[in-house]
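Listed below, chain by chain, are the residues.
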Amino acid sequence: MSAFLTYLLNGLAVGSAIALVASGLVTIHRVTGVVNFAQGTFAVIAGLCTSSLLGLGFPHGLSEVAAVLAAALAGLLTGLAAIGRPGTTPLSSLIVTLGVGVLAYAVEIVLWGDQPRSAPGLAGSVTLAGARVQTQHLLVIGVAAATFALLALFFGRTYLGKALTACASDPYAARVVGIDTRRMGLLAFALGGLLGGVAGVLVTPLRPISFDTDVTLIVNGFAAAVFGALTRPVITLAGALLLGVAETMAAGYGYGSHQLEVALGLMLVVMIVQASRRPAISQERA
Amino acid sequence: MTARTWIVAGLAGLTLALPAVLDDSALAVYVLLGLAAMVTVGVSLLMGYAGQVSLGQGAFYAVGAYTAALLALNGVPPLVGLLAAPVVAALAALVIGTPLLRLRGHHLAFATLATQLILLSLAGQLEFTGGDIGLQGIPQFGVGSFEAGGASVYAYLTWAGLALVMLVTHNVIASRPGRALRALATSEIAAASAGIPVGRYKLVVFALSAAFAGLAGGIYCFYTGYVAPGSFPVLLSIQYIVMAVVGGLGTIWGAVAGAAAITLLVQGLDRLATLPGMPAYAPGVLSYAVYALVLIVVVLFLPRGLVPAVSGRLTGKRTKRADR
Amino acid sequence: MIDVRDLVVSYGTATALEHVSLTVGAGEMVALLGPNGAGKSTLADTLAGLLTPTSGTVTVGGRLALIPEGRRLFPDLSVADNLALGGWRSGLRDPSPVYDLLPRLAELSGRRAGVLSGGEQQMVAFGRALMSRPDTLVVDELSLGLAPNVTADLAGHLAELNRSQGLTVLLIEQNARLAFDLCRRAYVLESGRLVTEGECADLAGDPRVAGAYLGGAIT
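Chains as they are written, first to last, in my numbering: chain A, 133 to 418; chain B, 31 to 354; chain C, 587 to 805.
Everything labelled a hint here was simulated from the structure, so no lab data went into it.
You may find that some hints are simply not true.
[Claimed, not checked] Between beta-carbon pairs, the in silico distance windows are:
1. C:Asp662 / B:Ala190: 56 to 62 Å
2. C:Ser777 / A:Gly397: 40 to 46 Å
3. C:Ala600 / B:Asp162: 55 to 61 Å
4. B:Pro333 / C:Ser777: 27 to 33 Å
5. C:Ser676 / A:Ser408: 54 to 60 Å
6. A:Ser408 / B:Tyr256: 37 to 43 Å
[Unchecked claim] Sample of chain A residues with no beta-carbon within 12 Å of chain C, all distances over it, derived:
7. Ser134
8. Asp246
9. Leu319
[Said to hold, decoys possible] Chain C stretches covered by chain A per the calculated footprint, using a threshold of three residues with CB under 8 Å from any CB of chain A:
10. 653-662
11. 673-680
Beta carbons: idealized from backbone N, C-alpha and C, even for Gly.
Just chain A, with the same shape it has in the complex (with noise of 0.2 Å):
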């Protein structure tokens, strides 16, 4: 039973990872119809940044949120390609993006080579119910619960947070009360930078990070992000939750092999039942 709810916490905490990555896609695709390709890389960015910032001195805190920033200003460079040419289609700008993750791949050999990379994150463990538990596991649910109530305040109670989703539920109606899409859409990049951002720098710390971590990170996030159909954030953090737990159980059992598997075979089935239920014409947007 203690290695049962051991092996819940962790994946809770992998889920809470793959909620972030998820979450910047969904953030991303509601406002702008792009399914961004690059948003593992932010991650990577992020988790490589902090592994340098505390290697040359600097204290936690200032490392991580100096990590996460870099990480928004990489997906507010990456809207500017994807988007910033008015006439670009999405499956284009999904192009361009993928262009900008192997872009990123030799920025990122330049700067810290191609071996993995670490950052100490919180040490120790706590036992809980007779289940011990890696601090930093902890941490990665406690941030991410508090980044997701932070995201839904900001979409639910502020004025630019509903003028995003004016953007989304119909972007016609927006630039006719006067909002710049365009603009908007380069907030909800720069946003999407921003929470795989954290991700990466919750996840370092766990597993080593190198330059090409950003595919494991992309699937599992877009794996996430289909169960709620790429644009509704609720069910897409309860399928990152599940796909976290599924994935950490399956190795925990023994079928740690096979977990890559299990995540890619349930995203194409969620993917393949959607795609039988909903006409043809809803999709020919995308």
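Assemble chains B and C onto chain A, guided by the hints.
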């Protein structure tokens, strides 16, 4: 004969004569270029005609390579292995494509990427595929008592494979279903309402593009003598997209030109990056940077592709997609 | 005030508006009639700055607000939020002046816009447009899909604003009766061209206009 036919015949003759005068390192570029072109023609057909992005074309390349390698290692004549490679890749595409092609746009892109990751992960874990180490000691290609000794034989094999791929694609595009396919790229709904069996055509193009990749993979495994999951990274699939986009989607010669341009560019930079005094990471960094920048610039600024844009400028008129 | 001169708007190779010229004086209320696909909404979008003219000029005096065809509210947001976003341009987010004018909206303020009836939605769209404190209002299909009494209510508010505050109005309508009731002048747009214009009283007597827009009955 028209001028166009003369040019094609000239190019064919020139490229056929080339292997005789190239050294081994140039032959390696020749073979890799030709194989990339074979896969890219399929990707271009899929993107330009079925309007779908596949981020997993490397998976079918891998299926072809593993098929030919496994058969050859088990004593099956290499020619049979090579012929089986595209067939098995196409069958895999039919099986995978039946559910997957219900998806569109970014969903299909991620689904094909997921397929490749799953296949690679399986190949890295299963015993009969050799796990992460892969399959080694694949015999040389040969027919009957003839065995390929030098790299030039693989160059001729690649030439023949590419010629076949281009010929098949040309005939598909010129056929009545091919013309109907064109409608698919613009709007599936319009195509469906015009009575075109959209689903079946998409599946056929998907399988055909997989067969091209499988054939290239088959030649690749005999040429290198080993295959491993690491030979087929996700970046390989992205590379084919770059080549197809650069060449202009839905064009045969564009795909070949795109593959040639990118291969030569990356090889040239590779030479530069391995010069003394360059850091050890230079080759990787330069090729990533080239793929990325070329992809971004072409998608944003030359959405019809480099070849159509240049030829359009030369002839001084706007070439429409339907003209080619 | 609206002044459109020799306006051409094209989408790619298709031309939606061909050499259209029209004026609406300050404080005037003018109708634009035309069938579906005539280019009325293209003109509305161009006036609102959402489309760029291919050639010709569009001059708008003061602030212009558009009530788009089909209301186009933000369905997931509350009525109050929809109104607040209407103040994006003006920076005035407090909806109380609009509530004073349309008290029904105060009652609806907490409801999600997507669940309202067509008439209520049109009233929210009206209120949202007023939030930007416009000098000129372009109304695209006020009456579409609404019951006659609901239309009459909204039209009454529109006429009142025109009279009391000098709001300039371009009323884009398929319902010529409503347009002729409210406006003194009208333009008729067909296939991207202005085919006729004049006093509503004269147009109502024009057999072509009457035939096409008033069901043949000459009033």
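Hints, verified against the model:
1. Taking the beta carbon of each, C:Asp662 and B:Ala190 are about 59 Å apart, inside 56 to 62 Å as hinted.
2. For the pair C:Ser777 and A:Gly397, the supplied restraint of 40 to 46 Å is violated, since their beta-carbon distance comes to about 55 Å.
3. Look at C:Ala600 against B:Asp162: about 57 Å separates their beta carbons, and that is inside 55 to 61 Å.
4. The supplied range of 27 to 33 Å is met by B:Pro333 and C:Ser777, whose beta-carbon atoms lie about 31 Å from each other.
5. In this structure the supplied range 54 to 60 Å is violated for C:Ser676 paired with A:Ser408, their Cβ-Cβ distance being about 47 Å.
6. Separated by about 41 Å at the C-beta atoms, A:Ser408 and B:Tyr256 satisfy the suggested range of 37 to 43 Å.
7. Its beta-carbon lying about 43 Å from the closest one in chain C, A:Ser134 satisfies the requirement of being farther than 12 Å from that chain.
8. Remark: the non-interface label on A:Asp246 is consistent with the geometry, its nearest Cβ contact in chain C lying 45 Å away (cut-off 12 Å).
9. Here A:Leu319 stays apart from chain C, with its beta-carbon at least about 14 Å from theirs, past the 12 Å limit.
10. Only residues whose beta carbon comes within less than 8 Å of a beta carbon in chain A count, and the stretch 653-662 of chain C has 6; three or more means the coverage holds.
11. For the stretch 673-680 of chain C, the stated coverage by chain A holds: 3 residues have a C-beta nearer than 8 Å to a C-beta of that chain, and at least 3 were required.
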